[in-house]
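K.L.:
Read off the chains here:
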Amino acid sequence: GQQVMQIPQYQHVQEGEDFTTYCNSSTTLSNIQWYKQRPGGHPVFLIQLVKSGEVKKQKRLTFQFGEAKKNSSLHITATQTTDVGTYFCAGLDAGNNRKLIWGLGTSLAVNP
Amino acid sequence: DVKVTQSSRYLVKRTGEKVFLECVQDMDHENMFWYRQDPGLGLRLIYFSYDVKMKEKGDIPEGYSVSREKKERFSLILESASTNQTSMYLCASRRGQLNTEAFFGQGTRLTVV
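From first to last, the protein sequence lines stand for chains A and B.
With my numbering, the residue at position 7 of the first sequence is 140, and numbering never jumps.
With my numbering, the residue at position 85 of the second sequence is 87, and numbering never jumps.
Okay, chain B solo, but in the shape it has when bound:
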């Protein structure tokens, strides 16, 4: 079974802190994604990566950065956390071929106070 593991299920951080969310997948997938999910807004893509050290901005990259130093690990960084970044963050991975499904981690519920 494919496993996508996010480092924390719940996280509480203070405004202005630098926050790291980690995601690891064990199936050698080329593509990895970070989404945030808010009620009524669906899944919004923050960043994705299609190879080690490669990244592309998604729909809402402002206030975030990412790092992919190894194929299995994709990190989301909140440079200076703000209260409007309180959300559920979902990591996903997908094989590089055309018609493949995405596998999601269990999510990290981040609260910024």
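Looking at chain A on its own, in the form it has when it is part of the complex:
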């Protein structure tokens, strides 16, 4: 079945360092969404990318969607302790557009 692989599983950084998480799909995606889950919380939507090669920015966060619409990345510049949490990517299943296919998430820890 369709899968979305996400790496790394865990990342520890010093505050101020950059952070990147990557998602790769076995098939072409209709879109890719990114969510953040704070410790003890629930996933909260960050952004959606739809177009091939699309790049979007939210303050220190940069999101990219690959040209083939099979991979995506989230890059955080100069991490802060408020960035702590698990970041998930989720792609829309091209065969069943009701169902998001989720990556396993990347847990980010930031040392102050």
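What the hints contain is simulated information worked out from the structure, not anything from laboratory work.
All clues stand as given, with none of them false.
Result set (DSS-like, lysine-lysine): computed pairs, CA atoms no more than 30 Å apart in a straight line:
{"#": "1", "chain 1": "B", "residue 1": "K73", "chain 2": "B", "residue 2": "K55"}
{"#": "2", "chain 1": "A", "residue 1": "K189", "chain 2": "B", "residue 2": "K5"}
{"#": "3", "chain 1": "B", "residue 1": "K59", "chain 2": "A", "residue 2": "K203"}
{"#": "4", "chain 1": "B", "residue 1": "K57", "chain 2": "A", "residue 2": "K169"}
{"#": "5", "chain 1": "B", "residue 1": "K5", "chain 2": "A", "residue 2": "K192"}
{"#": "6", "chain 1": "A", "residue 1": "K169", "chain 2": "A", "residue 2": "K203"}
{"#": "7", "chain 1": "A", "residue 1": "K184", "chain 2": "B", "residue 2": "K5"}
{"#": "8", "chain 1": "A", "residue 1": "K203", "chain 2": "A", "residue 2": "K184"}
{"#": "9", "chain 1": "A", "residue 1": "K203", "chain 2": "B", "residue 2": "K57"}
{"#": "10", "chain 1": "A", "residue 1": "K184", "chain 2": "A", "residue 2": "K169"}
{"#": "11", "chain 1": "B", "residue 1": "K5", "chain 2": "A", "residue 2": "K169"}
{"#": "12", "chain 1": "B", "residue 1": "K59", "chain 2": "B", "residue 2": "K72"}
{"#": "13", "chain 1": "A", "residue 1": "K203", "chain 2": "A", "residue 2": "K192"}
{"#": "14", "chain 1": "B", "residue 1": "K5", "chain 2": "A", "residue 2": "K190"}
Go by the hints and put chain B onto chain A.
P.N.:
Just chain B, lined up with the frame of chain A:
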């Protein structure tokens, strides 16, 4: 603001009990989902529903059933709870159009003893 509300934040049940987890959303979303979340395993889809009385199995439906009698409410049923169903259960809803985001409830931490 969209609100997805799960009936319980924490639940402790005994092995063999029938357990009902309730989820209500207030934004008239067509799609509703039940996930379980376990450390290192991400979000695994149990069941989803795209309309009233409609349901589809997700990746791990065994031991679970669902009910959607009204558009705003989606119930997850553990027919006979077992200890391996101890987990965090997350409900989500999403509009039926193609490029829409999912909204999650706060989660129910279920412990089966």
